[in-house]
Amino acid sequence: MQQGPEENTVLMDVPWPDEPPVLGPGQTFGSMTDTIADAVLTRPIGLGWLVGLAIGMGLVAILMAAVTYLFLIGVGIWGINVPVGWGFAIINFVWWIGIGHAGTLISAILLLLKQSWRNSINRFAEAMTLFAVACAGMFPLLHMGRPWLAYWMFPYPSSMGVWPQFRSPLVWDVFAVSTYATISAVFWYVGLVPDFATMREKASHPLTKKVYGMLGLGWRGSARHWKRYEALYILLAGIATPLVLSVHTVVSFDFAISIVPGWHTTIFPPYFVAGAIYSGFAMVLVLAIPIRHFYHLESMITMRHLQNAAKIMLATGLIVAYGYFFEAFMAFYSGSTYERFMMQNRWFGPYAVFYWTLILFNLVIPQVLWVPKIRANTRWLFLISLVILVGMWLERFIIIVTSLSRDFLPSSWGHYVATRWDYAVFFGTIGFFTAAIFIFIRIMPAISIFEMRTLLPEAEVKAK
Amino acid sequence: MKKESPNKSEAVCPSKLELVQIQDKLARAKSGPQYWRCLEELAQTDGFYEMLHREFPRQASVWPEGASRRDFMKLMSASLALAGLTACVKQPLEPIVPYVRQPEEIVLGKPLFFASAMPFGAYATPVLVESHEGRPTKVDGNPEHPAGLGGSDVFAQASILDMYDPDRSQIITYLGEMNTWSGFSTTLKGALNSQKAVKGSGLRILSHTVGSPTMASLMDQVQAAYPQSKWVQYEPLNRDNVRAGAKLAFGQYVETRYNLEKADIILTLDGDFLSSGFPGFLYYARSFAARRNPDLKEKMARFYAIESTPTNTAGKADHRLPVRASEVEQLARAIAAGVGAGGGAAAKPEHQKFVAALVKDLQAHRGAAVVIPGDNQPPAVHALAHAMNQALGATGNTVIYTDPVEAKPQEQTAALKELVGEINSGKVDLLLIMGANPVYDAPADFDFLAAMDKVPLRVQHSLYRDETSEHVHWHINGTHYLEEWGDARAFDGTYSIVQPLIAPLYNGKSEYEFIVSLIGSPETAGYDIVRKYWQGKMPGGDFDAQWRKALNDGFVANTALAAKSVSAKGANIPASNNGGNGEAMEVIFRRDPMIYDGSRANNGWLQETPKPITNLCWDNAVLISPNTANKQGLATGDIIEIEVNGRKQKGPIWPQPGHPDNSITVFLGYGRTKAGRVGNDVGFDFYQIRTSDAAWMTTAKISKVGSGYGFAHPQGFQYIDHSDLPKGTEPLSNRHIIRKATLQDFIKNPNFAHEGIESPGPEMTLYTNYQYTELKWGMTIDMNSCIGCKTCIVACQAENNIPVVGKEQTMRGRQMQWLRVDVYYEGGTENPSVYYQPVPCQQCENAPCEVVCPVGATVHSTEGLNDMVYNRCVGTRYCSNNCPYKVRRFNFLLFQDFETPQFKMMRNPEVSVRSRGVMEKCTYCVQRITAGRITAEKENRKVRDGEVITACQQACPAGAIVFGDLNDPNSRVAKLKAQQRNYNLLEDLNTRPRTSYMAVVQNPNPDLEQSEPS
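Sequence order for the protein chains is A and B.
Heads up: the first sequence at position 448 corresponds to 656 in my numbering, and the numbers run straight through without jumps.
Heads up: the second sequence at position 647 corresponds to 747 in my numbering, and the numbers run straight through without jumps.
Honestly, the hints are just simulated from the structure, not real lab data.
It cannot be assumed that every hint is accurate.
[As the list claims (entries may be wrong)] Restricting the straight-line Cα-Cα distance to at most 20 Å, the calculated cross-link-like pairs of lysine to any residue (SDA-like) are:
no., chain 1, residue 1, chain 2, residue 2
1, B, Lys827, A, Ala560
2, B, Lys827, A, Ile497
3, B, Lys299, B, Val459
[What the hints assert, rightly or not] Across the chosen pairs, the derived CB separations fall in these ranges:
no., chain 1, residue 1, chain 2, residue 2, range
4, B, Gly861, A, Phe556, 48 to 58 Å
5, B, Gly806, A, Leu571, 40 to 50 Å
6, B, Met864, A, Phe537, 38 to 48 Å
7, A, Pro558, B, Glu930, 51 to 61 Å
8, A, Leu357, B, Gly276, 46 to 56 Å
9, B, Glu930, A, Phe362, 42 to 52 Å
10, B, Glu930, A, Tyr541, 30 to 40 Å
11, B, Glu277, A, Tyr359, 34 to 44 Å
12, B, Ile1034, A, Phe362, 31 to 41 Å
13, A, Trp356, B, Glu930, 46 to 56 Å
Each residue gets a CB set at the ideal place from its N, CA and C atoms; glycine is no exception.
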């Protein structure tokens, strides 16, 4: 137990005997700062980065074209119809919002729980949240028939005296998502302030210095700064924590409040939150594994992080599995003919292949994470994370499309087929997300420098 | 660098006038008065036509020839993009000036109603036309007309769109070039002068069937002026079989009329009397529904149908027997033998039980039974039906014979054949075609086009520039019945005066004016022609008063044809040679239920209305029985080639439950090439394999030549039991969508519709129940009366300015009709029971749509309507997702045409025209409710029962829809809701709909019940 930290620090971070450490050996304050800051300041722009950015931006261009056409012509360019009034747009919205959740969980909840291993991944996880929420936030706007009137969803003092209809979960969504986006952005920025100051000191180019200086808000690292900073940060974490649970709960209300068989279920809130964290951690791994590889951050994002993430995925995956099971169980236990049919239709109906793929991707394949060897293999982890991301997307597809396509009156049953514009917008947001991440890792410290420094034994001295 | 052209000034100023050129023109214009507007016109310079085109776009070609529907949609999309830009353009000032002299009776904002009649074939459909400030906007049935009783059919409802159709022919042409009426009359005068010399032996007139008495008198005058001339009437869906059948039975032409209100037993032999277009349909629908009311208990009529292709008529039958068309005659003979009307042949073994029970039933109801043959059955079947009706004592009771309604009955196919022969032998010098399109629809074996091209002078008068117009010298643009004076007779013989509701939109000439130019002044007005004919013929004294009364009422009172005593000869009716052969694949030709013979192909409303039974739209699928399809290895959307005596045509397959085996049905009227932007290149033209000797049925070879044809089929799923779903799936019957019983069970247990069905009470809600203290609107739809004819859909579309979306969008599930008629099958695919369920918005009291709208765009009114606030809608579509009835319709794209000026005139000014991105749905015709409420308030009284009627209710020929105030216990709707047959759709959801349904009660023959699927 020699290598363990001293007792008044992060007690919960006592590793198992053969567990990898949170921090690689041989790090000092200086080396850590250099590793992280140099990735932004001195590292030349590589071909790989350019190609990655180009792919992202190419997809963004497609997104722009698709959105322009959408605004010109209308949502009819998508595959939606009556009965399936919601399609890719809402699927993507739920999916992206879910992905964002892992970031908030890591940065806020794990902070409150003093899980200091989170320190190396929280920064980009928060960035991921922010970009994912940005992607998600586009969809409610895009999917509207008359997007130019989107502001009617907000309770502003209209001269006509009309307000949003507060019984509608879509209005709750507006509050949930906008709060979430705001808190995430503030939390992220506040976390960045000390690091911006570090960057300001490290930067050599006067312009860079100036920009980081402005972003750093005159941070000098004084004890008073730190005192206030810590208070604010904990406070924000406290505000953000319920959001992890509430946002996806509210999103799940979009479905649970309705009477559509397959939507109208009380299990949705926990099931959606677990699913969100599930896919969020998958996305964290999909980002962390290449970043640590290409930027040589293996000593900061260690196997410990990846394994912890994998364990969380396993746990949330099981909660999701529980959700699937009880969805099916309740359909039959309820005695409702519509619910029963809905479940049978998922199993054997026209979209059955998606359902069973979802079960395979979200339920069966992730079970290999029980095997420690697989948890220790980055390639496997990366692949499984991708599988989970696809699986979670399919889950939303199944919930939205199969439920709507065959509801109460057989005469109104329909079929939904996505058009190229559906795909263009979806992949466009993936491009937006990718491009944003690529830009982020080049202009901001992708790992929190000051929080990483607290992981060093030297930091403890200071704390005394 | 190239220099600017020095001729620039010339380009701006139109070309110089060549005086020589003008003089030359003048010299050539020898005959008749030639007018010119300016010298440029006379010189026929390009500049002039350019100017004309810009100044009078009405006369310009509105659309470049050859633009396909797809191009049309593209341009629609482009115009949408431009529509966004118009917001930036300053609109020209448009002063709105009040009338200086207010025309009598016109109060702005108040519609006027005019009674008229729509000529349809030889028969008139009585109509009442709504007019807003001089623009007709809606056609409905005339409730006072004895043959109409207030209902209407799809053709009458859709005729308003025909009138405003921008694709209608708008100008007289000679060899495709613009010309004038005077130019035509001059030419005609010349041609007629030479005909006069030969007593008109080279003059032939080819027209549609003439039912108008004025036209008949003109025919006589033409005959008198040109004794050797011939007037041929031809319609592809003619009633030659009916005429020949009457001749066979009675030795003369007679009109057959059925008195269904007296009928206890109805038997049809392929007679589709409950579908739009059948003469007397409106009357039959109403009387049929009246006799099918289960409250009549034992007096409820029983209906047997023997038919060769599934129709909505036989969907109402208690016992339906699908047989190949060629086998109907054999069955008819067997039944005739059974009832003692000759005949003789025995029925096939598998039909014997049916025939025996039927015969027993018929004989038990002598004097109250009726046999109705179909127009497509050979004359022998008609003769047998006449004989049966006579033997059953139906004549004079349930069947009435009268003189023909047609003015000049003719064996039309034979007459056309003779005409073609005469043309080919060079006897015809002048051919006038009026209201007919023989190049498209004449029998294929006549090769009409090749013959017609031999006629030295060909003239066509028609509403559209159709396939025939391309091959005539002169094309005269006609007038729609809403633009002209005329007259016509209903199926019972009652005369109606057709009065114009608007001046001809394109300065067309009516048929009367066209024909008068043969014998009198070409400038005689239609009004004078018709009025002159009626002078002295109106019953009663004062002509002016009678004339005005006839115009006011929409018919000339007491002019129905009197019953005529005829006697059928029965026995020894020669068997017809209908090519029936047990082995070969039979092809039957049927009229399309919506676009009829193809003349209505350019009507988007009709094209988009799902056809009865199949619920397909925008296509004429080849119907085949699922059984035969399996045997032939054919699946939905496979394309087959049908070969009839060497003539081939392709068509896509639609396996249709209830279709007889070893037979295919093809529908006529599609595959047009010159119908207009809507109707061009839609579907397949089966006239190409229809010959004169086998106009209704023949045999063919079929072979698969392709697959993957996409159909527009707005109804998702038609089986109410789970025939199409995987085994073990939750049965759909648990949803209790259709509730039904046999008459016996209904009498024993009138509450059958509510037994074993969960029905939450009004206390099952978290909110306090709203008290509707004033008005409380509700609707009942009697599924026993509904005949699935879809008239309500077209009526709703016309009333509520509902756009047409086209086949592609329908295939994507984006049809916009607010009202749909679900057709459900139950039982196997061989002969399933069929149920029709019209589904408008259910106007739930606990509306699931209202709670989920984020902006409050759909809200509840104090009268219980679920109102849609279009202006407030942002288009999240959540309301539609949450609507269990899926009655909401979303403008996914800009479906509405905001550009075409004609459509602006056509729209109902009382109803908002919705744009892109907005949800819409049935409003219970809130504009009519408001109008009724305002009237009542002004008169300081309550709204009377029946004062507010919805468009669907008004249109329904069967009277299945009843609407009114539920707070008034004496209203019809309240009384119906109190009946035990009344039930709510999906009532276990506790949505508490205001629209409810009256359960189906069937009246099967107990002798047959065990073996037949009920």
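Results of checking the hints against the structure:
1. B:Lys827 - A:Ala560: At roughly 15 Å apart (the allowed maximum being 20 Å), Ala560 of chain A and Lys827 of chain B satisfy the hint.
2. B:Lys827 - A:Ile497: Given pair Lys827 of chain B, Ile497 of chain A is violated - Cα atoms ~47 Å apart, limit 20 Å.
3. B:Lys299 - B:Val459: This hinted pair is violated, its Cα atoms lying about 57 Å apart.
4. B:Gly861 - A:Phe556: 48 to 58 Å: 36 Å, violated
5. B:Gly806 - A:Leu571: 40 to 50 Å: At roughly 43 Å between Cβ atoms, Leu571 of chain A and Gly806 of chain B fall inside 40 to 50 Å, so the hint holds.
6. B:Met864 - A:Phe537: 38 to 48 Å: Hint violated: Cβ distance 25 Å, outside 38 to 48 Å.
7. A:Pro558 - B:Glu930: 51 to 61 Å: 26 Å, violated
8. A:Leu357 - B:Gly276: 46 to 56 Å: 50 Å, holds
9. B:Glu930 - A:Phe362: 42 to 52 Å: Violated, at about 59 Å.
10. B:Glu930 - A:Tyr541: 30 to 40 Å: 38 Å, holds
11. B:Glu277 - A:Tyr359: 34 to 44 Å: Roughly 57 Å apart at Cβ, these two residues miss the hinted range, so it is violated.
12. B:Ile1034 - A:Phe362: 31 to 41 Å: 37 Å, holds
13. A:Trp356 - B:Glu930: 46 to 56 Å: 55 Å, holds
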